[in-house]
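Undergrad: Kindly generate the complete structure, drawing on both the sequences and the hints.
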Amino acid sequence: MINITSNKTTNDYVLFSRTKGVAIFMVIGFIAIMVPVVYMFSQIGSSKTKQAMKFHEHLKTELTAISGNTAILSRMRGNVREFDPMPDETSGEDKFSASVFKTGTGFLGQDLNIVLTKAKANNHSFTLLCDVEQFQPEPSPPVTIISHDYWGTIEPYEISLLADALAMQNFRGVELLRLEQSRDFERAYTESEYKNIMNDKKNSLPEELSSSWSNVVNALVSEKLPKEES
Amino acid sequence: MSLFRHKNKNRTLGFTLVELSIGAALLAVLGGMIMHWFSMQRKYQERITQSSEGQQNILMANWKMSNELRMSRSILYPRPNSDKSIKSDTMIYFKNSCGDIICYFHDKNTLEIKRCVIPNGVSAPTVDKKPIAQGINEVFFTAVGVENRLIDIYTRSLESYGLESIYLIND
Chain B
1 MINITSNKTT NDYVLFSRTK GVAIFMVIGF IAIMVPVVYM FSQIGSSKTK QAMKFHEHLK
61 TELTAISGNT AILSRMRGNV REFDPMPDET SGEDKFSASV FKTGTGFLGQ DLNIVLTKAK
121 ANNHSFTLLC DVEQFQPEPS PPVTIISHDY WGTIEPYEIS LLADALAMQN FRGVELLRLE
181 QSRDFERAYT ESEYKNIMND KKNSLPEELS SSWSNVVNAL VSEKLPKEES
Chain W
231 MSLFRHKNKN RTLGFTLVEL SIGAALLAVL GGMIMHWFSM QRKYQERITQ SSEGQQNILM
291 ANWKMSNELR MSRSILYPRP NSDKSIKSDT MIYFKNSCGD IICYFHDKNT LEIKRCVIPN
351 GVSAPTVDKK PIAQGINEVF FTAVGVENRL IDIYTRSLES YGLESIYLIN D
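Chain order of the listed sequences is B and W.
If you read the first sequence in my numbering, its first letter stands for residue 1, the second for the next number, and so on.
If you read the second sequence in my numbering, its first letter stands for residue 231, the second for the next number, and so on.
Bear in mind the hints are in silico, worked out from the structure with no lab data behind them.
The beta carbon of each residue, even a glycine, is placed where N, CA and C say it ideally should be.
Treat each hint with caution, since some may be false.
[Unchecked claim] Here are the simulated distance ranges between beta carbons:
#1 Q364(W) <-> D200(B): 42 to 50 angstroms
#2 N311(W) <-> D200(B): 22 to 30 angstroms
#3 I197(B) <-> S312(W): 20 to 28 angstroms
#4 L256(W) <-> N122(B): 42 to 50 angstroms
#5 S269(W) <-> A32(B): 13 to 21 angstroms
#6 S269(W) <-> E223(B): 56 to 64 angstroms
#7 S296(W) <-> E175(B): 39 to 47 angstroms
#8 R272(W) <-> T144(B): 46 to 54 angstroms
#9 R81(B) <-> R272(W): 19 to 27 angstroms
#10 K202(B) <-> S296(W): 25 to 33 angstroms
#11 F268(W) <-> N122(B): 25 to 33 angstroms
#12 N311(W) <-> T49(B): 31 to 39 angstroms
TA: Following this line, the structure appears as structure tokens:
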């Protein structure tokens, strides 16, 4: 005779233990997977996100500083002069500070200025420095302005030093002297002589440029200043 | 029947092969879903980083080129075609404010925009050691003005694109 009651109890116990076994296995396995995954997230995820945020902050401050710089140049074009300092300006929601320092007067009576624009977002800040030549408003605004930026500056720049202000003026002077030299060079030769000299440069050009050089020489010859008779 | 009952009675607690297989299969599916989601997140983060890098490269390139181009005196190449249609190229020649000839050209091997100075005199051309910009996949200079004073610069860096239009202010 089979003891049905006893059998049922045993089966129930076996079924219960099987269900419990799968559940425990699932829980342990789930924890075993999730712990390293969460750890990886905390390590890789956070560092990548921080990196992305850093780029975002960098771009944001950079663009704010550039916007600020453009705003200052626009005001200078509208004949605003020496508004120093000019804090609490905004570009959208972002603040920037801008200052204009007059450093002297140029050959043509124009004002020589240094414009410093700074933007900051959280831990990142960006400073843009440029020098601006602001001409006189004749007959009326807009005033002609010429600006040079110093993005390529390698050495630390201290604008309060007189030597730096002089260096900027000298740099402008060197540019003008070089322009005069290149114009003299054009005036010293006839068109055919000038064309031959420029054509000879083809051999010393990088490989990528040699194919288009003849077009450039033709354009140069068409713009050449006429030879001056001595 | 008696044999079956005997087996049940002496059965030790633990997991059968079927239980382990079901558990392992469920965990594999679960793990696969998590890893897929994880890899998607990583790809998304990489895209954000690449996008930022691309924008940064384009911003630097356009800023540096437009500053010098704006102050230059004339565009020598490319110029609009004889039928006044636009012309594009991966290089540009122009006369800078000093009267010298400057060329920006794209190096496809290094993905750099390089600057070459060709003196308007007897000296030999020189290529700047430091490139104008790095990480630039494509650049096209398009002459659009009949007076050779208007130039468009199209740049692509990774998945970011930039378009700059520059008008020359000097004669």
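Undergrad: Confirm or reject each hint.
TA: Verification of the hints:
1. Q364(W) <-> D200(B): 42 to 50 angstroms: violated, 32 angstroms
2. N311(W) <-> D200(B): 22 to 30 angstroms: holds, 28 angstroms
3. I197(B) <-> S312(W): 20 to 28 angstroms: holds, 27 angstroms
4. L256(W) <-> N122(B): 42 to 50 angstroms: holds, 44 angstroms
5. S269(W) <-> A32(B): 13 to 21 angstroms: holds, 20 angstroms
6. S269(W) <-> E223(B): 56 to 64 angstroms: holds, 58 angstroms
7. S296(W) <-> E175(B): 39 to 47 angstroms: violated, 18 angstroms
8. R272(W) <-> T144(B): 46 to 54 angstroms: 52 angstroms Cβ-Cβ, so the 46 to 54 angstroms window holds.
9. R81(B) <-> R272(W): 19 to 27 angstroms: Between R81(B) and R272(W), where Cβ atoms are some 54 angstroms apart, the hint is violated.
10. K202(B) <-> S296(W): 25 to 33 angstroms: The hinted range 25 to 33 angstroms holds for K202(B) and S296(W), with Cβ atoms some 28 angstroms apart.
11. F268(W) <-> N122(B): 25 to 33 angstroms: Between F268(W) and N122(B), where Cβ atoms are some 28 angstroms apart, the hint holds.
12. N311(W) <-> T49(B): 31 to 39 angstroms: Distance hint for N311(W), T49(B) is violated at roughly 50 angstroms.
Hints 1, 7, 9 and 12 from the list above are not met by this structure, while the remaining hints are.
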